[in-house]
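Quick mapping for you: the protein sequence lines, in order, are chains A and B.
The numbers in the numbering used here rise by one with no breaks, and the one at position 55 of the first sequence is 55.
The numbers in the numbering used here rise by one with no breaks, and the one at position 15 of the second sequence is 257.
Because the hints were derived from the structure by calculation, they are not lab data.
Values in this document were obtained by computation on a predicted structure and should not be read as measured data.
Don't take every hint at face value.
Said to hold, decoys possible - FRET-style restraints, in silico, Cβ to Cβ: (1) B/Y474 - A/C17: 15 to 21 Å; (2) B/Y474 - A/E214: 33 to 39 Å; (3) B/G432 - A/F186: 47 to 53 Å; (4) A/E182 - B/Y483: 49 to 55 Å; (5) A/C17 - B/L439: 50 to 56 Å; (6) B/T497 - A/D79: 38 to 44 Å; (7) B/N491 - A/T56: 28 to 34 Å; (8) B/D488 - A/Q61: 45 to 51 Å; (9) A/Y92 - B/A429: 44 to 50 Å.
Quick reminder that beta carbons are idealized off the backbone N, C-alpha and C, glycines included.
Listed below are the residues making up each chain.
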Amino acid sequence: MDTRLALVIDQNKCVGCHACATNCKAWNTAGAAGPLTDRDPYGKAPRGVWFNRVQTYEVGQYPNTEVHYLPKSCMHCKDAPCVKVCPTSATYKRKEDGIVLVDYDQCIGCKYCSWACPYGCREYDDYDGVMKKCTLCIDRIYNEKLPADERKPACVLACPTKARTFGDINDPQSEASVKILEGLGFKLLPEVGTSPSNHYLPKRKVKIRIDEDEILARKHVIVVTEKSSSYAEVIAEDIAVP
Amino acid sequence: MHPEMALVLLTVFAGAGQGIFILLFILDAIFSLQGIIPQGFILTSGIISLALQAIGVIASTTHLGNPHRGWRAMLMVKNSWLSREVITLSMSAGCTALYILMYWKGMDSSLKFAMGMLGVLGSIGFYISSSMVYASVRFVKEWSTTLTPINFTVFGITSGIACGLAVLANSDVNPDIILGVSEILLALTGISLLLKLLTYRYNARSYLSVSEKNAIGVNNPSIKLMDMGTSYAHYNTTEYYHPYTDEQNKSMQVTVLFLTFVIPATIAAIITSNFAPAISGILSIILAVSMLIGMLFERRLFFIQGNNIQNLYYGNFRHSAAGNPIVSAARKGTPVSVK
Ligand code: SF4
Ligand code: SF4
Chain A
1 MDTRLALVID QNKCVGCHAC ATNCKAWNTA GAAGPLTDRD PYGKAPRGVW
51 FNRVQTYEVG QYPNTEVHYL PKSCMHCKDA PCVKVCPTSA TYKRKEDGIV
101 LVDYDQCIGC KYCSWACPYG CREYDDYDGV MKKCTLCIDR IYNEKLPADE
151 RKPACVLACP TKARTFGDIN DPQSEASVKI LEGLGFKLLP EVGTSPSNHY
201 LPKRKVKIRI DEDEILARKH VIVVTEKSSS YAEVIAEDIA VP
Chain B
243 MHPEMALVLL TVFAGAGQGI FILLFILDAI FSLQGIIPQG FILTSGIISL
293 ALQAIGVIAS TTHLGNPHRG WRAMLMVKNS WLSREVITLS MSAGCTALYI
343 LMYWKGMDSS LKFAMGMLGV LGSIGFYISS SMVYASVRFV KEWSTTLTPI
393 NFTVFGITSG IACGLAVLAN SDVNPDIILG VSEILLALTG ISLLLKLLTY
443 RYNARSYLSV SEKNAIGVNN PSIKLMDMGT SYAHYNTTEY YHPYTDEQNK
493 SMQVTVLFLT FVIPATIAAI ITSNFAPAIS GILSIILAVS MLIGMLFERR
543 LFFIQGNNIQ NLYYGNFRHS AAGNPIVSAA RKGTPVSVK
């Protein structure tokens, strides 16, 4: 089976720090896919191109709300609609690893591909007049000048909580595949039929029931006092699946 | 979607220009032997047709980030409707120019006829391919319907005939031909009105079964965007966004219906009834201008009403289909907040 490179993002671990996005911007603006133009970067209305953005949502209704982070970059769809609509073939999907790329020298900047992407993952650079998007750091992952353990996308290297995994999801032995399998990985908007390569691991809650008797029996004084303020329950909820 | 003026101008003006060409080619082919179609009509309407198509071509290049390599857009004719749009527009504009040139030079040959046929084919090809550019974006449900190619074709031909009638009614031509063309225009305007009403009904009732839930992967009916991942607007929050309220769009719909269909149909009816032949020249000009302006509003609204599902991520998705009884009933008590 062909290689299918992808990112697997664990929503249990993501803390919404934007480190992946800033490292992406730093590497790519200086790398082969750059520059990622910024207009008015320190002014009132900064506007620029990013390959990866972390979006924040509030889920639920007060008081039962929680914050949900969604780092989002090109999903390198298996059935990529952006590729099919491009009139110049500037947007193409590589057979060897499934990465979807834009050839800036061929792109005429008609923006049609971005209309066809259901995820909002393409960003038009009005300075260069071409469409830009995540390259899965193609200039890192095959770069023999980099140490072997750094041949990963910049976002993966930057993530302080190790929420991001990079690998071949067609190889059942790869770390990425194992994580998808064990962490019940899912795709965004599965119903639109694009078959994205990037996967997300859902946020999961684990509730551990601790009977009052059990606590008293263990004479765990701290928990008993905290329990009255329902602290024990909160701690239990926050324990992620191993 | 954000109403991109360049694309509005391209689709409306090129479409109308091609409609004029279709009319002049047919009139020339049928009546040229009898010599009852004056040379002035063919040349004037031919030049207007060319000018409108040229405005379309120029507008389309201003839409591109790199217009100097715009020719590359013809490369993927096998896959992309956009490529087909560019090719058919070049074909129709080129054939119109050559046809008018041959006519002007008096070359009344089968070559001229073939050129005209190619121009008509290019025009119909452009109606279909330019509309399929939108209709094939399946993530914008207001666009991805059979009504889109039908509307683009019928509206293009109708507005072209309206412009053609304005030239015809102001040239020295057999009044029966003017009456005949205005009868056809009246019928086409009526069909167009019907199609547009059907489209508005479709937009109000249909819906995509997508929600923020699957977009971000959380099973909760209440999902609110807190931070779009940027301190200011960016491409994805502007290209797919329009600031107009539903009420504003509704009143725009009414304006479109009046300017594009009701006023032109009324005038066409007056011309057809031969009630005031003396002023039919000026009336036909008012008709054409009203219809062209109306078409510009219509196409602008077509963009505005396109709701791309990627808006789900940026809190800009408009959960519509209020007119659909199943959806509105199902939505009761299910709060989906998107702002
Ligand atoms: S996420 Fe969008 S840009 Fe990336 S491959 Fe899929 S459709 Fe194309
Ligand atoms: S903007 Fe560039 S990559 Fe996108 S469809 Fe147009 S030519 Fe292709």
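Can you list which hints this structure breaks, lowest number first?
2, 4, 8
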